[in-house]
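Guided by the hints, dock chain B onto chain A, whose structure is given.
2 protein chains.
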Amino acid sequence: MKGKKKYVYYFGDGKADGRGDMKNLLGGKGAGLAEMSQLGIPVPSGFTITTEACLEYYRQNKKYPKGMWEESLAALKKVERSIGPKFGDPKNPLLVAVRSGARASMPGMMDTVLNLGLNDQTVKGLCDRSHNERFAYDAYRRFVAMFGNVVLGVKREIFERRLEEEKIVNGIQLDTDLSVDSLKALVSSFKEIVLKETKHPFPEDPLKQLRLGIDAVFNSWFGKRAKTYRRLNNIPETWGTGVSIVAMVFGNLGDTSGTGVAFTRDPSTGEKRFYGEFLFNAQGEDVVAGIRTPLRIDVLKKKLPTAYKDLMSIYKKLEKHYKDMLDIEFTIQDGKLFMLQSRVGKRTTAAALRIAVEMVKERLITQKTAISRIDPHQLDQLLHPMIDPNALLNILAQGLPASPGAAIGKVVFTAEEAEHMAERNEKVILVRTETSPEDIGGMHASEGIVTARGGMTSHAAVVARGMGKCCVAGCGEISIDEAAQTFTARDVTVKAGDFISLNGSTGEVILGTVPLIQPKMSPAFKTLMGWADKIRKLKVRTNADNKRDAAVARRFGAEGIGLCRTEHMFFEEDRILAVREMILADSLEARKKALAKLLPIQKADFIKILKEMEDLPVTIRLLDPPLHEFLPQTEKDLKVLSREMGVPISVVKSKVNSLHEFNPMLGHRGCRLGISYPEIYEMQVEAIIEAACTLSQKKIKVTPEIMIPLVATREELGKLRTLCIETAQTVMTRRKKKVSYTVGTMIELPRAALVADQIAAEADFFSFGTNDLTQTVFGLSRDDAGKFLPDYVEKKILPQDPFVAIDQEGVGLLMEIGVQKGRSVKPTLKIGICGEHGGEPNSVAFCHKLGLNYVSCSPYRVPIARLAAAQAAISSGNEAGHRATV
Amino acid sequence: MKGKKKYVYYFGDGKADGRGDMKNLLGGKGAGLAEMSQLGIPVPSGFTITTEACLEYYRQNKKYPKGMWEESLAALKKVERSIGPKFGDPKNPLLVAVRSGARASMPGMMDTVLNLGLNDQTVKGLCDRSHNERFAYDAYRRFVAMFGNVVLGVKREIFERRLEEEKIVNGIQLDTDLSVDSLKALVSSFKEIVLKETKHPFPEDPLKQLRLGIDAVFNSWFGKRAKTYRRLNNIPETWGTGVSIVAMVFGNLGDTSGTGVAFTRDPSTGEKRFYGEFLFNAQGEDVVAGIRTPLRIDVLKKKLPTAYKDLMSIYKKLEKHYKDMLDIEFTIQDGKLFMLQSRVGKRTTAAALRIAVEMVKERLITQKTAISRIDPHQLDQLLHPMIDPNALLNILAQGLPASPGAAIGKVVFTAEEAEHMAERNEKVILVRTETSPEDIGGMHASEGIVTARGGMTSHAAVVARGMGKCCVAGCGEISIDEAAQTFTARDVTVKAGDFISLNGSTGEVILGTVPLIQPKMSPAFKTLMGWADKIRKLKVRTNADNKRDAAVARRFGAEGIGLCRTEHMFFEEDRILAVREMILADSLEARKKALAKLLPIQKADFIKILKEMEDLPVTIRLLDPPLHEFLPQTEKDLKVLSREMGVPISVVKSKVNSLHEFNPMLGHRGCRLGISYPEIYEMQVEAIIEAACTLSQKKIKVTPEIMIPLVATREELGKLRTLCIETAQTVMTRRKKKVSYTVGTMIELPRAALVADQIAAEADFFSFGTNDLTQTVFGLSRDDAGKFLPDYVEKKILPQDPFVAIDQEGVGLLMEIGVQKGRSVKPTLKIGICGEHGGEPNSVAFCHKLGLNYVSCSPYRVPIARLAAAQAAISSGNEAGHRATV
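Protein chains in written order, with the working numbering: chain A, 122 to 1007; chain B, 122 to 1007.
This is chain A alone, in the form it adopts within the complex (with noise of 0.2 Å):
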């Protein structure tokens, strides 16, 4: 029928109007029926009504569309002649079971309704074909609640008490005691019940039932379940679900029947096994419920050997002609095999590398196929100690998950009381109302941290992923009293030294402690990390601060640092006391003897990190945070800190009064220090180029790039540029040796997107400094914007935290721009980024598109670039010249 939209696909005898690949249209269940039966393996015969028929239904203000219900009919028609029961048909009715079916496997969706088409009539129909009036009757009263619940909305408790009454009525307790006569008074009283709550009567008709049972499916689409998953999944509300009805096979029609559930291999391991469960005289959802405790699939072997040998053959068929994994539903009726369903089966990391990593040794797929199969999100569960997730808990609060992983440890609430347990061997969590620079040594030194306020980007968050250690951040629900020193969460009070636990995968404070499972890297992570390292354009460096760190990402891969924070080297002990001298001091004098203590220190610091990332460039910035960071906040450690210097309080009061700023994110900070104190980058480059010296001298390849913050100007870099290659210079000349080195800088500043041409010229390398750049682009705090920003998510007023994944509208035009004008001036300029994002896979995938040469990210995160960026080289069809073996 030329020009008319065809609604309705049949399946079933081998055949099948659709197929496997027409998800979009028939949803996963119906596309996968339609293919199973086109392979010729069994399954109840039925049709799908397409997810263009549900858009439709909702354009036309929920009618069905013109020829809809008509091919249903016909259809209907079909599975009436292959199976032979008829619809409706009093003497040997056909039972349809009604199935919502999305593109993507959508758990908010509408349930299955089984035993369509039973009314009073068609249940003696079923009796006398059945031979088993018990059975006719339990399917009855099974649909009677199941269609008044799913389809008409009647709350499934009502059913529930009436049944829980005929058992105690009757002194029985398990449903499958019930009399035929109770289940006969349990249909009757469903219906009442039905009568009562929708003040309509149940509807008899069974083309009604289908009906009603087809809107249930379609109105299921924009229900608030539904609704809900989508926006967590990011599924497009244009997708629509599709229905499929499927004549009824009965796995409850005694020991020769039965039903099951299997995996074509093992979904936790990965292990090349069939594993499955299965029970006798059963229908599908007796499975699922878990009342009855399911066997080993092998039992089958034994009892029913002819539908068992079928079964094997089939999952080996299927997964030879879907090449993965499967999760498959099947019912025995007498003996006889048919599939329900099978769809690509959910699996654990581990499993998912394994498994890719060996069908591409069985030749059932490609290198690229099976990097393309990881989600690079989940990498992170192999990277961090787990919660056995068998573990009770008792959960005291829930936080954001800031940094994943679990850790155990006694409560602490100071930093210093964290390094002081720690130097006793004890494991402390470190609990605060929010961390500071200050507290870099408390994180180092507890297995986790927890914060009151701030957001996945805050201080705490940040450091965390940086050190790999697990936190749970912007945790409002713990109220903190420090004086007491104690916290308190939904009436719990916790003190110092209690144990407590933490996930950071999810979020969740646990009191007491938990078991863990300790990560491992699988053969399998190392093979397919290989393939990806071979696929990708992108080069992955990692964001480290000290040698720890820049080992850890060596160790996971990463190509060299692209961003050391020099500034986090200031807050250990034995140089903050320089550092406030430097910030204190009245004169140019005072200050450069300040810095000249300084120096010694960070030079060895730059020897040891750029000795660990030997022959790899290492990308050092220059002193990026305001100066009042530095300084003590409290009138306490301002008094402290004016005995230790020397200085009357006042003057230190003063200072830091003078320091003040309304907005520290937009004030005195970045390269504006560095114009208004050249002697404090001149000794950073110093430092720098000392340390290469020293190395260079021991023949270690060292590559340092000098990476200036927060340019705005051309002039800004042009005359910190010229500053960087005279202090090198003068050091050079001075040690008698020459290293090379660059200078480049941040672009986290729109303006500095705007007029990249006019900046690339001082420049010689770029890096996008994404968390920056988002706060000035939103012009939103990251650290004040947790009060409203899941409310903006929750009201899908942004797709997602634009601190989490590049907002690629607005910071990716800006990236864009930046590239391009950059670029327009040096064609060959290096381009990365460095901020948080450079470890989010859709991050990732953007910035290969917008051609950058690198993306930085914090140890823990550099698998997951890695995978991101060869997937991204994949599906652009822009691979790295040198090409995986398939």
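Derived by calculation from the structure, the hints in this document are not laboratory data. Where hints are given, some of them may not hold.
Not close to chain B: a few residues of chain A, all C-beta gaps over 12 Å, as computed [stated by the list, open to error]:
{"no.": "1", "residue": "K288"}
{"no.": "2", "residue": "K655"}
{"no.": "3", "residue": "E807"}
{"no.": "4", "residue": "D912"}
{"no.": "5", "residue": "L935"}
Within a straight-line C-alpha distance of at most 20 Å, the following computed EDC-like cross-link-like pairs (lysine to aspartate or glutamate) qualify [what the hints assert, rightly or not]:
{"no.": "6", "chain 1": "B", "residue 1": "K942", "chain 2": "B", "residue 2": "D878"}
{"no.": "7", "chain 1": "A", "residue 1": "K713", "chain 2": "A", "residue 2": "E733"}
{"no.": "8", "chain 1": "A", "residue 1": "K774", "chain 2": "B", "residue 2": "E598"}
{"no.": "9", "chain 1": "A", "residue 1": "K908", "chain 2": "B", "residue 2": "E750"}
{"no.": "10", "chain 1": "B", "residue 1": "K908", "chain 2": "A", "residue 2": "D707"}
{"no.": "11", "chain 1": "B", "residue 1": "K916", "chain 2": "A", "residue 2": "E803"}
{"no.": "12", "chain 1": "A", "residue 1": "K917", "chain 2": "B", "residue 2": "D142"}
{"no.": "13", "chain 1": "A", "residue 1": "K916", "chain 2": "B", "residue 2": "E836"}
{"no.": "14", "chain 1": "A", "residue 1": "K393", "chain 2": "A", "residue 2": "D419"}
{"no.": "15", "chain 1": "B", "residue 1": "K840", "chain 2": "A", "residue 2": "D922"}
{"no.": "16", "chain 1": "A", "residue 1": "K916", "chain 2": "B", "residue 2": "E847"}
{"no.": "17", "chain 1": "A", "residue 1": "K908", "chain 2": "B", "residue 2": "E287"}
{"no.": "18", "chain 1": "B", "residue 1": "K774", "chain 2": "A", "residue 2": "E281"}
{"no.": "19", "chain 1": "B", "residue 1": "K774", "chain 2": "B", "residue 2": "E756"}
{"no.": "20", "chain 1": "B", "residue 1": "K348", "chain 2": "A", "residue 2": "E836"}
{"no.": "21", "chain 1": "A", "residue 1": "K774", "chain 2": "B", "residue 2": "D602"}
{"no.": "22", "chain 1": "A", "residue 1": "K916", "chain 2": "B", "residue 2": "E803"}
{"no.": "23", "chain 1": "A", "residue 1": "K942", "chain 2": "B", "residue 2": "E937"}
{"no.": "24", "chain 1": "B", "residue 1": "K916", "chain 2": "A", "residue 2": "E847"}
{"no.": "25", "chain 1": "B", "residue 1": "K917", "chain 2": "A", "residue 2": "E836"}
{"no.": "26", "chain 1": "B", "residue 1": "K774", "chain 2": "A", "residue 2": "D602"}
Beta carbons are placed, not taken as given, at the ideal position from N, Cα and C, and that holds for glycine.
Coordinates of chain B only, in the frame set by chain A:
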């Protein structure tokens, strides 16, 4: 000589190589002399070395370009032929003046050297020729001192000390009483001084003198004074300076000689009358030095009638030729008139307006030329009271000229005190470390405001400019002791109640009272502004938050309100309590209750403003600042609030704490408040539409434009637009009235500009908020920038303060993207600007270029914007359809 550059241009004898329009090549002075010579006006012969020669001199590392010296010698010969005496001729020496002259008049450049060519031989020739030994030696001693100082760099004081000595020794007081012997002694003493100070003998060779003189002019181009002047006046280095060598004529040869300066019209009032001063028997420098009191030019009429008649006819010829008021210098030598210089004369703004308008009436110039001749910045002078320029001032401190005008009053340190004293009709000046919105009442009550902190766009500055009130901001020199009720500056302590005066146009804080000159708008001003209005394409609106400001602006020609900030209404005493109640509300109901109190107040405010702006559009911005701005900050004030509200202090404090933000500029403000608390925006829209309905019933035509601030995404605007429309509909239905209104948005975040196409879909208009846009594009908080921004401008990292004039490369590019993307979706989208830049002439020109529909600025800047808009239209050749008649 094809291919060879000509470096030297001769003039004299009614001829000239150059012309008046060759200012770029010859400098203003050289071009003027050439032009006069060509017009047949008597000028001493001479020649000009071009600015290109100067630039070439620098390019060649301070060597003369090839041929320049030879050309100069040839020109010198021509001068000799024209005049008679010969350069260096001991019998009859030609003397010359060497003068600098850049494209624009540059006070920082080298002074003139007169009498060049004198030495021990030629001085005798001069004696013979003038029959006046005293004259000759007086000229000689002046020359040695002047040359020694200006060319050879010997300190002027050394010569002056020696001169004083000579006078003391001889017991005389006036230079003119010096004997010939004394003059001769001085010459040789001066030469000794030169030898001692420079280690070289005074150059006797006239050609060497000439060469050194030329060098000195060239070198002064990069002298410290010239560089400073260029920076302050935005003059590029690449202009270079010309050098004019002019035959000396002597006004000091006796009573038929003399020298004078004149303006062709009165430079103070613009009145059409020849206005000049004259000294008999004097050289040019004597008039300027002010030692003798010059006579009115009329004296010439009787004493030297021929010269007077010549002068009259020459000035008329010149004015007719140049079609502008001129500043001329002349010398009469033995009754014969020589013109030494003619250039466009400096004048007051009042004079500039009158001259321009009268010259149009005289058909000398067109209306467009008249418009183009007025510097819009200068109009400020006309609209504010000014300190009498002749008053002696006791300057206490120097701050930023934040809001122009002058003010006198008694010092107060709090807004309350300001209000109390104002009620008693006392004039006060409010002195604060910084102001906050709470101080608005006190600012209103004050004559002027001084702040110790904050820049040109600090709260105090912005609000004061809005009010047209004088303000000196960021006056770091004053140190306030609020407890003692005093402030100290430059060691003077000023108590509360003492009188001080402010000059908001210069930033000076002055001890005591000063005489003021009141402003008035002249007929010429009105005429010229009328012409400007006919030519400009940009509409000019005002930023006004109350009826008073609106009325002022309307009188100044505002064509509507471009920004009415509703939050300023929140601060007045009768409403701040309800605002705080709203903020402290712990439930939606409580918040709505508080809002219900605010509704009638806001409605009444809107009625007043809308009525004042009858027939004109009024853009009302919904609540923008973060809520914590409305809460008090000190412990004491919090206690008061707690008492007033009947809320425990702990609750008040906890609310203040929970509202605290690290970067309020990037925090929970603007439309984010509207999303979080839609009831606030609902109340505001209700008040606007209620006001419009009420006025509409009285047949008063009003056009409210509702503006949503801080939009970053289409979704924000979409949601709030719906809220506005639904609320408006409800009100109109209730009132049974239809009023026209629109809903638009600020474009003040980079993201809004980047996705302007999306945002335009939801907007009836755009208004660029360039204050915030500049802050986010630069990542620069205007409240904090004061610490380093002046240094940035000083060091040329920024050409100017981007909060004063739009940064066209960065912010401007983003605006261009915003306009282009916005109009790509809605070609006729109305777009304006409401940042502080809307009243800055260069920024107005940029807005014209971008094709905006209007600019909006503070009331007192409206005339400036009107004029700047007309000038932009003229210079771009894109004028309003309704053309001015010429």
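Status of each hint after checking the structure:
For K288(A), the non-interface assignment is confirmed: its Cβ lies about 46 Å from the closest Cβ of chain B, beyond the 12 Å cut-off. The Cβ of K655(A) lies farther than 12 Å from every Cβ of chain B, with a closest approach of about 36 Å, so its non-interface assignment holds. Every CB of chain B lies more than 12 Å from the CB of E807(A), the least distance being 22 Å, so the non-interface label holds. For D912(A), the non-interface assignment is contradicted: its Cβ lies about 7 Å from the closest Cβ of chain B, within the 12 Å cut-off.
The Cβ of L935(A) does not lie farther than 12 Å from every Cβ of chain B; its closest approach is about 6 Å, which violates its non-interface assignment. For the proposed pair K942(B) and D878(B), the alpha carbon gap of about 5 Å is at most 20 Å, so the pair holds. With a CA separation close to 30 Å, the supplied pair K713(A) and E733(A) exceeds the 20 Å bound. At roughly 19 Å between alpha-carbon atoms, K774(A) and E598(B) fall within 20 Å of each other, so this suggested pair holds.
In summary, the hint linking K908(A) to E750(B) is supported, as the alpha carbons are separated by about 16 Å, within the 20 Å threshold. Annotation: proposed proximity of K908(B) to D707(A) holds, straight-line Cα distance about 16 Å (limit 20 Å). For the given pair, K916(B) sits about 18 Å from E803(A) by alpha-carbon distance, which is consistent with the 20 Å threshold. In summary, the hint linking K917(A) to D142(B) is not supported, as the alpha carbons are separated by about 64 Å, beyond the 20 Å threshold.
A hinted pair counts as satisfied when its Cα atoms are at most 20 Å apart, and K916(A) with E836(B) qualifies at roughly 9 Å. A threshold of 20 Å between alpha carbons decides the hint, and for K393(A) with D419(A) the separation of about 15 Å falls inside it, so the pair holds. Of the pairs offered as hints, the one joining K840(B) and D922(A) holds, with about 19 Å between alpha carbons and a cut-off of 20 Å not exceeded. In summary, the hint linking K916(A) to E847(B) is supported, as the alpha carbons are separated by about 19 Å, within the 20 Å threshold.
With a CA separation close to 82 Å, the supplied pair K908(A) and E287(B) exceeds the 20 Å bound. Proposed proximity of K774(B) and E281(A) is contradicted: the alpha carbons are some 51 Å apart, above 20 Å. Taking the CA atoms of K774(B) and E756(B), the gap is near 9 Å; set against the 20 Å cutoff, the hint holds. Using a Cα cut-off of 20 Å, the hinted pair K348(B) and E836(A) holds, with the two alpha carbons roughly 18 Å apart.
The hinted pair formed by K774(A) and D602(B) meets the criterion: a straight-line CA distance of about 16 Å does not exceed 20 Å. Restraint check for K916(A) and E803(B): satisfied, since their Cα atoms lie roughly 18 Å apart, inside the 20 Å limit. Of the supplied pair hints, the one linking K942(A) and E937(B) holds, its CA atoms being roughly 16 Å apart against a limit of 20 Å. At roughly 19 Å between alpha-carbon atoms, K916(B) and E847(A) fall within 20 Å of each other, so this suggested pair holds.
Between K917(B) and E836(A), the direct Cα distance comes to roughly 8 Å. Compliance with the 20 Å bound is thereby established for this hinted pair. For the proposed pair K774(B) and D602(A), the alpha carbon gap of about 16 Å is at most 20 Å, so the pair holds.
Violated hints, in rising order: 4, 5, 7, 12, 17, 18; the structure is consistent with all others.
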